[in-house]
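With the hints as constraints, model all of the structure from the sequences given.
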Amino acid sequence: MSRVNFDQLLEAGVHFGHLKRKWNPAMAPYIFMERNGIHIIDLYKTVAKVDEAAEVMKNLAKQGKKVLFVATKKQAKQVVADKAASIGMPYVIERWPGGMLTNFPTIRKAVKKMATIDKMTKDGTFDNLSKREKLQITRQRAKLEKTLGSIVDLTRLPSALFVVDVMKEHIAVREANRLGIPVFGMVDTNSDPNNIDYVIPANDDATKSVEVILGAICEAMNEGLQERKAEKVDTEAAGEGEAAPRRERKAKAVKRNKKEDDEALNANVAGKFAKDEE
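According to numbering that gives the first Met the number 0, the stretch in the sequence shown is residues 0 to 277, in order.
No wet-lab data here; the hints were simulated from the structure.
Since no wrong hints were added, every one of them can be taken at face value.
Calculated cross-link-like contacts (lysine to aspartate or glutamate; reagent style DMTMM-like; alpha-carbon spacing at most 25 Å):
#  : residue 1 : residue 2
1  : Lys111    : Asp122
2  : Lys76     : Glu218
3  : Lys142    : Glu132
4  : Lys44     : Glu10
5  : Lys72     : Glu93
6  : Lys207    : Asp41
7  : Lys76     : Glu54
8  : Lys76     : Glu10
9  : Lys121    : Asp152
10 : Lys231    : Glu218
11 : Lys130    : Asp117
12 : Lys19     : Asp204
13 : Lys167    : Glu51
14 : Lys207    : Glu54
15 : Lys57     : Glu218
Here are the simulated distance ranges between beta carbons:
#  : residue 1 : residue 2 : range
16 : Thr101    : Glu144    : 21 to 29 Å
17 : Lys111    : Lys249    : 39 to 47 Å
18 : Phe5      : Met119    : 53 to 61 Å
19 : Lys207    : Phe31     : 17 to 25 Å
20 : Met119    : Arg248    : 48 to 56 Å
21 : His169    : Gln77     : 18 to 26 Å
22 : Arg248    : Lys121    : 43 to 51 Å
For each residue, glycine too, the CB sits at the ideal point set by N, CA and C.
Structure representation (structure tokens):
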């Protein structure tokens, strides 16, 4: 069964592409027709591509991998932030920091700077600073929080990128391509799908459209996370089950050894007494 259906996509306006004159010819395989100068996306292909991407995303989540969600356009920002946060995944909804992937160690240093400022606040160092220094540090912390606050838990490069509007986020796509990180993307009729590993042909300008596609993807990832959790519990239970007989055998061995030691001690004592009586 598909994760999204035709009517659901139709209602959300996923099928609306851009004006014909703005199209990218590489998107031709995903275009159903043209109506009133606007390209209409083939929703049957969208359904198939959502299912394909969702399955891969589910497996990534099941393996404990991190997927970075990217959407800096205002129609998608809040949706992406809510959906990604609901499954504990990092996201970028403000300006894409140049070198976010290709210069990842520097980005991590900036994130650590936030942690240092927080530590200063807690241990009282912050209180000893002048009013001007406090203001500067507070502003710096707010700026870092705005751009990097959502990737605090991203301690290593993500295993994949999910991008809304691959044309707007071309820098993020280029960095991922350079590092060989797979890119999942909502690709509209005006964009180039050639650099995207998992193309989801869809309207990337409508909030409802983004919500439907992202909802299906995040639901699949959540399933993967739940399966991972269940497997972990089963493994621990199996380990506990295997450990119980081991503990029992060990206890029996200790008891047996104690009995043998006691018998040996009694024999020694008996032998000593027999010797004394002679």
